[in-house]
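Please take these sequences and the hints and turn them into a complete structure.
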Amino acid sequence: MTKIRVRPQSGFGRLGSDPVLAAAGLVLAGLALLAVFAPWAAPYDPLDVNLAQALLPPSGSHWLGTDPLGRDVLSRLMFGTRISLLVGLIAVSVAVLIGTAVGAVAGFAGGRVDTVLMRAVDVMLAFPDIFLLLTVIAMLGPSIYVIMAVIGLTGWMGVARLVRAEVLSLKEREFVQASRTLGASTWRLLTRHLIPNAMGPVLVAATLGVGGAILTESALSFLGLGVQPPEPSWGNILNEGRVALGVAWWLIVPPGLAILITVLAFYIVGEGLRDALRRR
Amino acid sequence: MRSDGANLLAVDQLSVTYTGRGARTPAVRNVSFTVGQGEVVALVGGSGSGKSTVALALTRLLPPDAEVEGRVLLEGEDLLAASEPALRRARGGRIAYVFQDPATSLNPVLTVGEQLREMIEQHTDQRGRAARDASVEWLGQVGIPEPERRLGAYPHEFSGGMQQRVMIAMALAARPALLVADEPTTALDVTVQVQVLRVLRELQQRLGLSVLLITHDLLIVERLAHRVVVMDRGEAVEAGDVATVFAQPRHPATRLLLESRPALPLGGAHG
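Protein sequences, first through last, are from chains S and D.
Just so it is clear: in the first sequence, position 129 is 129 by the working numbering, and no numbers are missing.
Just so it is clear: in the second sequence, position 192 is 1192 by the working numbering, and no numbers are missing.
Read the hints as simulated data drawn from the structure, not as lab findings.
Partial list, derived from the structure: chain S residues whose beta carbon lies under 10 Å from chain D: (1) R173; (2) Q177; (3) A178; (4) T181; (5) L182; (6) A184; (7) R188; (8) R192; (9) H193; (10) M199.
Some chain D residues flagged as far from chain S (calculated, every beta-carbon gap over 12 Å): (11) P1026; (12) A1130; (13) G1140; (14) R1149; (15) Q1193; (16) Q1195; (17) D1241.
Ranges of calculated distance between the beta carbons of each label pair, as one might list FRET restraints: (18) D:H1156 with S:F37: 35 to 41 Å; (19) S:R278 with D:T1191: 32 to 38 Å; (20) S:E172 with D:Q1205: 34 to 40 Å; (21) S:I130 with D:H1156: 42 to 48 Å; (22) S:R112 with D:E1069: 26 to 32 Å; (23) D:H1156 with S:I261: 36 to 42 Å; (24) S:R119 with D:R1149: 46 to 52 Å; (25) D:E1084 with S:L140: 41 to 47 Å; (26) S:A149 with D:R1149: 45 to 51 Å; (27) S:G110 with D:L1256: 37 to 43 Å; (28) S:D275 with D:R1261: 46 to 52 Å; (29) D:E1084 with S:S93: 34 to 40 Å.
Cβ atoms here follow ideal geometry from the backbone N, Cα and C, with glycine treated the same way.
This is the structure we're talking about:
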């Protein structure tokens, strides 16, 4: 007989004993602060064009230099943090909502409902995401909202499978049976007993998913299909820097590193959460 | 304390047959018994005798491949003929269950207070503050120290005995007409068993609870029950007052159960 123990402190305890995990956690906390306080932290207006100051290398007044239009790269990166985190979080929230609903219903209902929903998941998984993304963007036009929606709508299948698997085993557990004998309705069983107990692995998947969503957003923006200039995102800063690649390394390296470090931090924290859950 | 007036529960010719995979497997055959108001009736028998099946059949909690026949009259109303919404209100609200293993019967991610309040809000008209106060009171009733403080604790922060007290509190908080206790102490340490039994007996006497006690342990029957129904291979083979049945067992299954009882000086039901 297994006793499950939910010890929130086990996760945080590990943060202290694992320096890499702790660093990744700090990076994410720092990014979140930066995103929230970008208007106050940024030294310049990220949209402020000043052709007299174009393509300046990093210096005391422009720590990361300026772009071909004379905009401050550091300020643009800081505002880009907002876009990237927002897209990542909202896209993953959409995916988690849809995935949890589909997975919980499939796992709980079983039988034909389960078969139909899971085949739908297979179809979605077999569908090439990038074409779907391009088609939808071609139809609706590139915007940050379309990006969030499309990344979310193509990313829920993994969550659905996870939640279904959890619900399948949870619904046989005694406390679920017990609350049924005490008169709990199907809705209450799902929302109070099954879904909350299935959230551990979903949290891990969501953390990893945010990293993936940020990467997708950067790629789309780099291709000019994502966040539209002059609004800065890490991907389109890279894209704008592409033309001056030979002369201005400071347009490419900082946004590239920002993407790398952020995505890496999400993956490390995601893995850390997975370990913490496995350990309990 | 014991009133032999109207029967609270009358089970009449109850049969359960499993029909899975083409084969018909009878699990319970023509079982009849009654539980009076304020009475404790024990359903005893070895493993596989069908006693737990009877308990679950009362509110049609068996899997869909189980065929249930007969009548289950609770306060005169046949539950086997009741609609699904009426049954759901009856589950927990009119017939509440306490199961064997409290460690797995409580939801690990909700606090004890949340789970109690849920029961109260679902089955009584107390809401919010009143439901919270009622939760505190029920935790106190089952002998949990500092009930106010323990409301915010999670199930794993309780010992096995305390968890079972919480389960009892949850079952009783809905003010059911009948409490079904299915092996309520089997998963507990022997010393804890005694404490939980004491709580059950005290509550039964103080609140005049009607209890259907399901167990294979005759010591528990002696301590708690007024009447006993012995089941063997799906049939009720012997019934009567605890003292009478234990003094003069007539059916071999009853004798077997009595012989397998450890000889401990624990005293009688009402001593």
